[in-house]
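Q: Sequence:
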Amino acid sequence: MIFRQDINALRALAVSLVILFHFGVPCFEGGFVGVDVFFVLSGYLMTKAIVPALKSGRFEFCSFYHARAKRIIPALLVLCVVVTLFGYFCLPVDEFRTLGREVKSSLLFYSNFALAASSGYFESPKAEHWLLHTWSLSVEWQFYIVYPVLLLGLYRFLGIRWLFAGVLIAGVLSYIFSVYLTSSFPNHAFYMLPARAFELLAGAAVYLCPVVLRSSLRPVTLLVGAILIIACALLVTESLAWPGYLAGIPVLGTALVIMAACDAKVFQLAPVQYLGNISYSAYLWHWPVVVLLYFCGLLSSLTWTVLGIAFSLMVASLSYRYVECRFRTKSERPGWSLGYYFSITILAVSVSAGVSSVVKRYPNLRSADLEQGQPKYASSLYEQHCTPNSYGAADCILGEGDVKVILFGDSHAQSHAAAVQIHNRGAAVGWALGGCPMLVDFSMRDKERERKCQRFNREKLEILSSNYIGVPVVLFNYYQLYMEHNSGSFVYEVDGRGGSHLRASYEAQFESVVCGIAKTHPVYLVKQTPRMPFSVYKGAALQERLFNTKVDFSIPFSEHLRRTVEANRLIDSVAKNCNVKMIDPAPLLCPNGRCLGTLNHEPLYFDDNHLVDAGNKLIQGVFLQVFD
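Under the UniProt record's numbering, read the sequence shown as residues 1 to 628, first letter to last.
These are computed hints drawn from the structure, not numbers from a lab.
Heads up, a few of these hints could be off.
[Stated by the list, open to error] Calculated cross-link-like contacts (lysine-lysine; reagent style DSS-like; alpha-carbon spacing at most 25 Å):
1. Lys617 with Lys581
2. Lys126 with Lys452
3. Lys404 with Lys617
4. Lys70 with Lys104
5. Lys126 with Lys447
6. Lys519 with Lys576
7. Lys581 with Lys519
8. Lys550 with Lys447
9. Lys404 with Lys519
10. Lys404 with Lys581
11. Lys550 with Lys581
12. Lys48 with Lys70
Whenever a hint applies, use it, and build me the whole structure from the sequences.
A: Right, here's the structure in full:
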């Protein structure tokens, strides 16, 4: 296969965009489009490897999969071994077992399925998954399984002339499906092959229908393609639906660069070509470095970001030289070698699973300070006769006796329940549904969750209008999340728009809901607890192990105020207009101008924003007024 410097330069561009995005470098919020570039390149190169062999009658599935395994598995396997060893010595048992599951799904190439299924509100943030980035490798490997069969079938039954038409039709159908799925099931659209196949097939179409451009048009085509890719990286954000129809822009840009076949001088630069060579290893190794910096609270530091990127590229260079190159140049019999690669992979998965089980069963094998599990989200401070945060309409009774208070809202209604119940001599009704703003007319990217949230809110508001009359209602909402048109599945809109319109409409609707409840109940609006920059328990445990010292974490109170200025303005306005009271837990969590994540080395948070019992004990006093 003829080596093309422009394609290698595209690899360098793609991995650069992904790395800059993951490290949180400003202006590269859309750097995730680098993955889309990689997919187009893979489709092009795989077609270039398969079609000539089909024409000559020399195509063999075994040889094809052997080449793919030799390219992907060795470096991935080394990464998984290193991360597993790190986890064994540095991660608590619950985190280590989670890591074991990630290793398994990565090496067996189904991590995209695992991530698509784990879109719940209480799933840990992306930066807590050590091998999250392997989802794209899973998508590619699944494509490798299906694609040769598709091409062979088209070639055998329809002939070589129909290959392009078949690939084009499949690509268009995938694109249409991607647009639909992105609007209805965004998590599945992002991670699953059917919604990503059009990107790989676009690369295939470029190869199957080569366009020979005049020499004068090549630089222009190259420039247009590069602009499309870079513009997306600079202008697109996670709040936009992706992949969807917008993904067609970087896909088109990549296709144009490939079609241009232009060896620009910038492509020939040694650093560009070298980065293209190590792009796969750089992609593999940079993400665990991002996770490590996140848990150490260093991801927002410019110095540590530069050091992290430099370290990632250094390790990538070693991986490329001592792992990738050795296996690529090794001469082997495809059949025997393919079996060898998969046997080693299965062995690694088995060992990882076995070690996880042994660690759980025999905790004394590791250092004692690694065996403390994450604080429980469910409180032990009161009797709990149900599991809050469900989509069911039935009352969730907390405590014993007559109902003295109703806790209504999103997941914060559950995480703060213990602080309320400490002073409650009766029972509480808990209505908590994670990720749901207290509105009845809004839209979310995740349409299934949207329907459940709206139904839940309507049912509870209907109950409040005619039941528990006079019983105090304490309202909890993660206002900042809903008012900022945030990223991921939790993108909220009112009347189909975000931004300032979202804030204005949210305020109007929220005020209507609160004033409606206040007609028949005393109402208390709870302001937000400070949000930590990382998962407190996990970060504290890891830093303690790495640096052999216990530290307490806090953020400036001024930072909390800056983040919540819009939310506090909303609450102040609604409280005044509806004549209801406010409760602010922040002063108790933020003594001496610092908001505490831990106190005397004990985590106050379950993750980065939900309190556990230790945190609830600290703020219990603010809820005394509810029972006065």
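Q: If a hint holds in the structure, say so; if it doesn't, say that too.
A: Evaluation of the provided hints:
| no. | hint | result |
| --- | --- | --- |
| 1 | Lys617 with Lys581 | holds (22 Å) |
| 2 | Lys126 with Lys452 | holds (24 Å) |
| 3 | Lys404 with Lys617 | holds (20 Å) |
| 4 | Lys70 with Lys104 | holds (19 Å) |
| 5 | Lys126 with Lys447 | holds (21 Å) |
| 6 | Lys519 with Lys576 | holds (14 Å) |
| 7 | Lys581 with Lys519 | holds (14 Å) |
| 8 | Lys550 with Lys447 | violated (43 Å) |
| 9 | Lys404 with Lys519 | holds (18 Å) |
| 10 | Lys404 with Lys581 | holds (17 Å) |
| 11 | Lys550 with Lys581 | violated (39 Å) |
| 12 | Lys48 with Lys70 | holds (18 Å) |
The earlier numbered hints that this structure contradicts are 8, 11.
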